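Visitor: Put the complex together from the two separate chains, hints included.
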Amino acid sequence: GQSLEQPSEVTAVEGAIVQINCTYQTSGFYGLSWYQQHDGGAPTFLSYNALDGLEETGRFSSFLSRSDSYGYLLLQELQMKDSASYFCAVLDNTDKLIFGTGTRLQVFP
Amino acid sequence: GAGVSQSPSNKVTEKGKDVELRCDPISGHTALYWYRQSLGQGLEFLIYFQGNSAPDKSGLPSDRFSAERTGGSVSTLTIQRTQQEDSAVYLCASSLGGGFTDTQYFGPGTRLTVL
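So the protein lines, in turn, are chains P and F.
The working numbering puts the first residue of the first sequence at 1, with every later residue one more than the last.
The working numbering puts the first residue of the second sequence at 1, with every later residue one more than the last.
It is worth saying that the hints were derived from the structure and are not from the lab.
A quick note: this is a predicted structure, and the numbers were derived from the prediction, not measured.
Even for Gly, the Cβ is constructed at its ideal location relative to N, Cα and C.
All the given hints hold, so there is nothing to weed out.
So the derived label-pair ranges between C-beta atoms look like this:
#, chain 1, residue 1, chain 2, residue 2, range
1, F, Ser5, P, Asp39, 18 to 28 Å
2, P, Val13, F, Glu20, 39 to 49 Å
3, F, Arg81, P, Gln76, 43 to 53 Å
4, F, Arg81, P, Asn21, 39 to 49 Å
5, F, Thr113, P, Asp39, 11 to 21 Å
6, F, Glu68, P, Met80, 37 to 47 Å
7, P, Gln76, F, Gly40, 20 to 30 Å
Beyond 12 Å from chain P on every Cβ pair, some chain F residues (computed):
#, residue
8, Val12
9, Thr13
10, Thr30
11, Phe65
12, Gln80
13, Gln83
Stretch by stretch, here's where chain P covers chain F in the computed footprint (C-beta under 8 Å, at least three residues):
#, segment
14, 36-43
15, 48-60
16, 106-115
Chain F on its own, in the form it takes in the complex (with noise of 0.2 Å):
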């Protein structure tokens, strides 16, 4: 089947705009993660989901950035009141079972660059 799809695969946006980043997983996958990358960076964890629930959310930079998942499959990342700083690559991953025990897939990222 489909690996996990994110979309936009890249995003410009102008300074004090919202955006909206989606993830599809893979069909089945009942875990889901959020991963923030910078250039020349690490990986940064933001957040993840098992089911619909995220157990601790304070991976998130900070209250700009929020996200959801509904009905156990598409989640969406929102960042309010976009910053320069916020310029990353976002990236999803998902896992059949939860607790960053099973195996991730990766999605390929989206490129968000705020001007």
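Just chain P, same shape as in the assembly (with noise of 0.2 Å):
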């Protein structure tokens, strides 16, 4: 079957760095994608990783090792507003995108 696995919560203080990591096995795979959501709001696109490798933008990064099938999300300077939920998502070779069941990120002062 397919399935991605992301851990459930993760907490932090402001100024940490959270990785949050993302495991997965499904038939095929074009790319990785991470997207935020906050309480009550809609999920905002963050990063899409095809090959192999770092990506930043801003205070986070996202990292692929396809050899793996594993990647993370890298969060920097941590602030409130990073409290939300974050979700890693595969893009198999169906076209199809199969979504993580996404982690709780709670940041404290």
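Guide: Written out as structure tokens, the structure is:
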């Protein structure tokens, strides 16, 4: 079957760095995406990795290792507004996007 | 310009009725996506359109679900003979290019409640 695993919850303090991991098992793989969703809000697209390596966009970075079927989202200089749920998603070879169950990040002062 | 808009914002219907959900993407965006999110759950991908065509419709949960997009713009998601398990927030997103590599901009969603 197809599955993506990510931790259900992560906590951290303001200013810290947090890494949210995602391992996947899917039928084919085109790329790994990350989304942010605040409570009651719509998801916001954060990043897409098709190739191995680290991609940086401001305080957020996303990493992919295709050989390990693994990726992570790295959030630096955490702010209270980063408290949200973060979803990883894999685009498989049938043009379907498979989502993980989400990681709830809580940032404390 | 305006973002992605969806209508209605809320829809309450009785089991067995048909509903139609509408999505207006950002002008000029060629790709359009439909997702579903049940309470406290992750996102479930339903279908995406590149222009007016949908390369793969197998993400739709059942044959009661259908979607179309006309004129490369507005899309409608239709659910026939609604069931209680269809209750969820239905989200639409659009992107300038397709293939999931471009930034997707989400609409506010339609909250569907089937009684």
